[in-house]
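Line by line, the protein sequences give chains U and F.
No gaps in the numbering here: position 1 of the first sequence is 1 in my numbering, and each next residue is one more.
No gaps in the numbering here: position 127 of the second sequence is 127 in my numbering, and each next residue is one more.
None of these hints come from the bench; they were simulated from the model.
Heads up, some of the hints might be wrong.
What the hints assert, rightly or not - Under the rule of at most 20 Å between Cα atoms (straight-line distance), these lysine to aspartate or glutamate pairs were calculated in the EDC-like manner:
1) F:Lys194 <-> F:Asp25
2) F:Lys194 <-> F:Glu60
3) U:Lys98 <-> F:Glu148
4) U:Lys98 <-> F:Glu60
5) F:Lys68 <-> F:Asp150
6) F:Lys68 <-> F:Glu55
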Amino acid sequence: MITTTGSDSLDVPVHTDTAPALRQQVLVLYLATSALDAPVIGWTRYDGTGRTSPTTGDSAEPPYASGLDALKDGWRLIQAAQLIPPYPGHEYDVSFLKHEFFFEQIVQVQGHVNRGSDGSAA
Amino acid sequence: MENRDTLLSSVQMARFVAHGSVRLDAVVPPEMNAEALKALAEGIPPVPYGTPVSEAYSAESFTGRLLKIPQVAGALRSLVGPEPLVDHHFVHIREPHGGHAQPLHGDAIIDVRADAFDVQLMYYPQAVTLEMGGTLSVPGSHLRRINESDTGRYQNLLGQNRLVCPAGTVVFLHHGLWHGGRRNDSDTTRYMFKIRFNPTVRQQRLWNTADLDDPRVIVELDAMFPWYEHATGRLERYNRILLWRALTGDADFDLDHWVTRVSNRPQEAAA
């Protein structure tokens, strides 16, 4: 439940231990081309609920076969990498992955508010 | 001159150029592995940057003997030549159920040398299981121009290598290879000893080149990896061709015309 501070000040929401709250889960997919329905070649997850701790090298198989499959499963696309021409003289250089897509899901948590390692609400 | 039998072959060198690593399974004998666990736990004394390898480690020291193992010595000589410099070394210890996975990274700073490279020896004195969090590496990532942990956002790439190996395994990595220590989820402390070497000679035909014309050289150089974007994978081939040209001294070498095609600028007027 969300309550507010006193009526003589700005209303600031305060989560109680049993309050439902919304948290963001982030999925980053790297695709084989700039097309959203292209195959997934890399993946990263962050879990704002704190229920899971995805990390480097923790899985061998991608969560979805393509970016489109993530949409079909309810993920919302929030950012796609721009197509940027190569800098003159560096057309053959290879560097970061080019086709990066950020997705989010907003999920409700209830029962407690997760806190970061410094004690701040997370 | 090293025994040519212990030098890498052209096929192995081509594989190194494509993958960015050479793996030698269980080349260190069990008695040395047992000795290593004690020596690594106690720590290997540091050496100044740029110390010639023969001065850095005495012949009777553990590291000196490690580097004299024929397969290790042959691979090192094939990659960086005789008497390389020791850039630095470090003992990596991953405590049981402790710590975090390292972000995916390349060591040192961005390093775009086209005709020279350092190698990093990684020695695993104990058998490494998946749960022990062996080194994660990304085959074919070594020619990508990135700086250190700027790649930390990439948690998993298709076809990544999560090292599982028998005791006594030594892996040589090109300096640019993306890698990172994985989280140790086992009950066993994991040890890895790393030494970075700088070449002191031109890195050209330092291996056993008797098989230079073996068709498998082309097959190895042409390898693609599942994490490559389709288009950038072609640029990877382009850059490998340039590296193979530098390593062999063959300025005309090509794979499927990738470099020749885009370098063709005829200057003669039509008759």
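>> Could you work out which of the previously given hints the structure breaks and list their numbers from low to high?
In response: Hints 4, 5 contradicted; others consistent.
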